[in-house]
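*Asks:* Read off the chains here:
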Amino acid sequence: MMEKTANEQFTVPIGPQHPALKEPGSFRFNVDGEVVTGATVRLGYAHRGIEKATEGRNFVQNIYLLERICGICSDIHATAYVLAVEQLAGVEAPPRAQAIRILVAELERIHSHLLWVGVAAHEAGFDTLFMYSWRDRETIMDILEGLTGNRVNYSVNLLGGVKVDVDEQQKDTILKGIEFLEERTKHYLDVITKDAMFLQRTRGVGIFTRTQAEVLGAVGPTARASDVARDVRVEAPYGAYKDFPVNMITEKGCDVEARFVVRIRELFESYRLVREILNKLPEGELTARFPRRIKPGEAISRVEAPRGELFYFVKSNGTDKPERVKVRTPTICNMTSVVKLAVGHQLADVPMILVGIDPCFSCNDRAVSIDHHQHGREDWSMEELREYGIRFYHGHT
Amino acid sequence: MMDNETILQTARLLAEDIAESMDTPAPNRLDIRLNRAEHLMPIVAGLRVKRLGYLAAIVGLDPGGEQDNLEVLYFFCPGAAIVTLRLLVPKSEAQVPTLSEIIPSAEPFERELSEMFGIKIVGIHNPTHLYLPDDWEEGIYPLRKDVEVQAFKAQT
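As given, the protein sequences belong to chains A and B, one line each in that order. If you use our numbering, the first sequence corresponds to residues 56 to 452, in order. If you use our numbering, the second sequence corresponds to residues -14 to 141, in order.
Derived from the structure by calculation, the hints contain no laboratory data. Glycine residues also receive a C-beta, built at the ideal position from the N, C-alpha and C atoms. You may find that some hints are simply not true.
Simulated restraints on C-beta separations [said to hold, decoys possible]:
(1) B/Pro112 / A/Met437: 26 to 36 Å
(2) B/Asn111 / A/Gly145: 39 to 49 Å
(3) B/Thr113 / A/Arg347: 40 to 50 Å
(4) A/Leu244 / B/Thr(-9): 36 to 46 Å
(5) B/Asn111 / A/Gln224: 53 to 63 Å
(6) B/Gly50 / A/Glu147: 29 to 39 Å
In silico lysine-lysine, BS3-like type, Cα no more than 30 Å apart, as pairs [unchecked claim]:
(7) A/Lys335 / A/Lys226
(8) B/Lys130 / A/Lys350
(9) B/Lys76 / B/Lys105
(10) A/Lys107 / B/Lys76
(11) A/Lys249 / A/Lys107
(12) A/Lys350 / A/Lys376
(13) A/Lys395 / B/Lys35
(14) A/Lys226 / A/Lys241
(15) B/Lys76 / A/Lys370
(16) B/Lys130 / B/Lys76
(17) B/Lys76 / A/Lys376
(18) A/Lys297 / A/Lys241
(19) A/Lys107 / A/Lys350
(20) A/Lys241 / A/Lys231
(21) A/Lys249 / A/Lys231
(22) B/Lys105 / A/Lys370
(23) A/Lys218 / A/Lys307
(24) A/Lys376 / B/Lys130
(25) B/Lys105 / A/Lys107
(26) B/Lys130 / A/Lys107
(27) A/Lys370 / A/Lys107
(28) A/Lys350 / A/Lys370
(29) A/Lys297 / A/Lys218
(30) B/Lys35 / A/Lys297
(31) B/Lys35 / A/Lys307
(32) A/Lys370 / B/Lys130
(33) A/Lys335 / A/Lys218
(34) A/Lys241 / A/Lys335
(35) B/Lys76 / A/Lys350
(36) A/Lys297 / A/Lys307
(37) A/Lys395 / B/Lys105
(38) A/Lys335 / A/Lys297
Just chain B, same shape as in the assembly (with noise of 0.2 Å):
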């Protein structure tokens, strides 16, 4: 395994011409921010070519209140290395494509995000629910900030 500056190194070049912005937030980490979906699809396959593939999480954020973007979050974890993959997307057009074509592993993590934040995962293999019940009311996004823990006891 290369070290963390080699491996961030390798990233950073991966983004050089596609990224928005770049920072270190700790010396073992790298933010890469994109506002493009497309732009998502050839740092990944860059990583998975470079062996710098495993990723660890997808999370998605509602920054809440009157934001209009969603915003998801790629970890990916080689050795000590966090390089994260911080992509913005509106509310009005929730869309992102699958990684799992290229990162089998994804698919769990996108169906995730899909159900708990409305995001729809354009390409994937399976796009049902994980987690919720297939009876879930549909436009019912429970990790979105507008959506009240309250509500879920209305509804039963």
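This is chain A alone, in the form it adopts within the complex (with noise of 0.2 Å):
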């Protein structure tokens, strides 16, 4: 038998365009035969540079600034900012304000996971699976769009309290939809855990360790599904959900198929929480009063996102600026995990791998950056892009 050697490694780049989901983000995985032996990643095709403007933007520009960070999970991001800003200020939100908060927080993580749910089967072949669930998201966008006027960055968030209220009419849209919803999600559980050929591209497949998940500091769903019992809406309860507990959901199965169940059992928690939430909303005002400069100081402001733990440290120095805000989102957390859980398996299982953390690159970068000839250049100005979008909307009315 001839020995070998490194040299004789063979690489698979996949990406950076479209590494089998709709983001980018660049790997290269080195692979004796099918099976994958190492790999690594290169982020940072969609850096913003998001941390670095919020510096120069005041604290209430920023709050649309950091929304912006992610299209799937917008809100959450506003919302660990605002808490953060509001510990600053020493302002707490009205009770009625931190409950509807929460309230768009779950109907959020419903229509990520629903989202999600849909591309992780497209990745395995299961397109129908992909559409009905992308059908029944609609249910949710719906709701959504509803309540707050948006489908993407909500605009929920205020320094201080929120801008949208629930009406009863709202609340009756809201609960049929949920109940629809729930019917929904039964059949879907019924679906990825019986199903023979999709059970063929999930179960025992990308096996990661509850000690894996622990020491490679993995979080939300994808640390829950192997059991490791990490969610601050738990642990560390934040606003609302001090006043609406949630159950911590997890799962041993520490593969794909564990993965998909977490993320379903969570819906049900959700549909739970929303029901509640609007049962018991609190009577009262929307907002608080707000300071329009901030004493100094440093504040922390973890919050559970549909992916997992979502951290911002913002520091102010008594002017109407942030001097600095951190944004540390969970896909980087996980991205470590998809990158060691592939070595040993098959190349064909490496999409199921990646999709199965759920990443969101733009979580992940913070970044936009846009090519054009015309100018020979990739970056415009703000006033550029104003004067392209005018030409744009002209050109096509």
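Two chains, each in its own frame: build the complex with the hints.
*Replies:* Structure follows, in structure tokens:
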């Protein structure tokens, strides 16, 4: 038998364009035949320099900037940020506002998890499940649009409160929608745990042991599918989660199937929470008075985004602009796991392993770049973008 | 999981002989100030052994102005408690040891810290850029206060 040397390794680049899913990230897999022997990841294709940008904007402007970090979990970014700034200012939002914040957070989690079920099913080649779950997801998108006016970037949060209220009619619409989704979710749980073809792609694939998950610092459903009880809503309840406690959902499977089951079971938990919040919504004001300038200090805010713990650090210096805003998103914690997990697997399993952590690259990178050959460069000023937008729409009307 | 007070007390005991000072900015928090990089690893190893080693984030701070030091904050968040190691790093010789030997998830945080603040991570397995482009100009560290956002526009 011939002896193998390191030079014989073959590297398969996946990405930066759409590595299994429609976002940019670059993975390089060393393979021996079909088996992955090593992997590295390169990020930053969507880096916008948002942390730097926050330093040039005032505390109010930053809500809208930070909400645009991610198109899927936009609301939770704004929530984490306003909670930190409220800590610095020593202001607490009124109880009704706190409850509406977590109501929208749970609705967002439902939309995000349903979106993920679809994307993950698509990666497994199960497009029927993808289409059904995305059709059903429209229910929650309509609810969010009815409540806030937007399908993404809901702009619910203000410093010291929220912008939207829930009336009786909206409450009925939400409850009806949730009832429909709960029935559908039962069906999905049935499908993902019983469909033999689908189980071949998920059961026993991408085993991530409890110890690995703990040591590699995995968060959110990725950690909970490996039986690591890590959920900020339970461990360190923030805002109205103190009044509406959450049950920790964990699974012992440690594979891609467990990651499906955890998220589906979390959907049921979110449905329960949404009902409970709507039925016990405290009466009262939606906003508290908030100062323009924030006294010097540092605040940490940890919240549970759909993908796991989202960590914000905000430092103020006594002016109306923050000194420093640090955003640590859940995907970066879980990305380490993908790289470790892939080793020893068939290359064809890599998309399922990658999608199993529900990666969000714009979370990860916090960035945007525009390629425009006419200008011969990649960065545009706000003014140029505005002019381009006006020209574009004139040309299309 | 231990309760907050036990966690903070454990961390306090670990840092007792090494820390420059300690304070409690909030009931669930403990800030441990260190002024030498070599004091970092013993505490990190101790936290890891005591199963308090969930590293939530590494944050760089540039106080700006005439200050000679950068500050690196390591946030450990076991349960609801937050243990922060605050390490001052001189700008003239900005380097910290890597935590990734003990805590593998530290590597991406350290690579970000390194490229954004120009802090060398001693012993890191992969010191290349994580977020910034490969052809990013040497010596420009975007999150330092002396780098203006306008400077990026001028480059292009």
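*Asks:* With a cut-off of 30 Å on the C-alpha distance, tell me whether B/Lys35 and A/Lys307 pass.
*Replies:* With a Cα-Cα distance of about 24 Å, the restraint between B/Lys35 and A/Lys307 holds, given a limit of 30 Å.
*Asks:* Does the hinted range 39 to 49 Å hold for B/Asn111 and A/Gly145 at CB?
*Replies:* holds (42 Å)
*Asks:* Given the hint of 40 to 50 Å, is the C-beta distance from B/Thr113 to A/Arg347 inside that range or not?
*Replies:* holds (42 Å)
*Asks:* Holds or violated: A/Lys249 and A/Lys231, Cα atoms, limit 30 Å.
*Replies:* Given that 30 Å is the threshold and the Cα spacing comes to 28 Å, the pair holds.
*Asks:* Would the pair B/Lys130 and A/Lys350 pass a check requiring their Cα atoms to be no farther apart than 30 Å?
*Replies:* The hint holds at about 20 Å.
*Asks:* For B/Lys76 and A/Lys376, compute the direct alpha-carbon distance and say whether it is at most 30 Å.
*Replies:* holds (25 Å)
*Asks:* Please work out if A/Lys370 and B/Lys130 have their alpha carbons no farther apart than 30 Å.
*Replies:* holds (14 Å)
*Asks:* Determine whether the Cβ-Cβ distance between B/Asn111 and A/Gln224 falls within the hinted range of 53 to 63 Å.
*Replies:* holds (55 Å)
*Asks:* Are A/Lys335 and A/Lys218 close enough, with their CA atoms no more than 30 Å apart?
*Replies:* holds (19 Å)
*Asks:* Holds or violated: A/Lys376 and B/Lys130, Cα atoms, limit 30 Å.
*Replies:* Distance of about 14 Å is within 30 Å: holds.
*Asks:* With a cut-off of 30 Å on the C-alpha distance, tell me whether A/Lys297 and A/Lys307 pass.
*Replies:* Distance of about 27 Å is within 30 Å: holds.
*Asks:* Given the hint that B/Lys35 pairs with A/Lys297, does the C-alpha gap stay at or below 30 Å?
*Replies:* Answer holds: B/Lys35 to A/Lys297 is near 28 Å, not above 30 Å.
Checked against the numbered hints above, the structure breaks hints 11, 23 and satisfies the rest.
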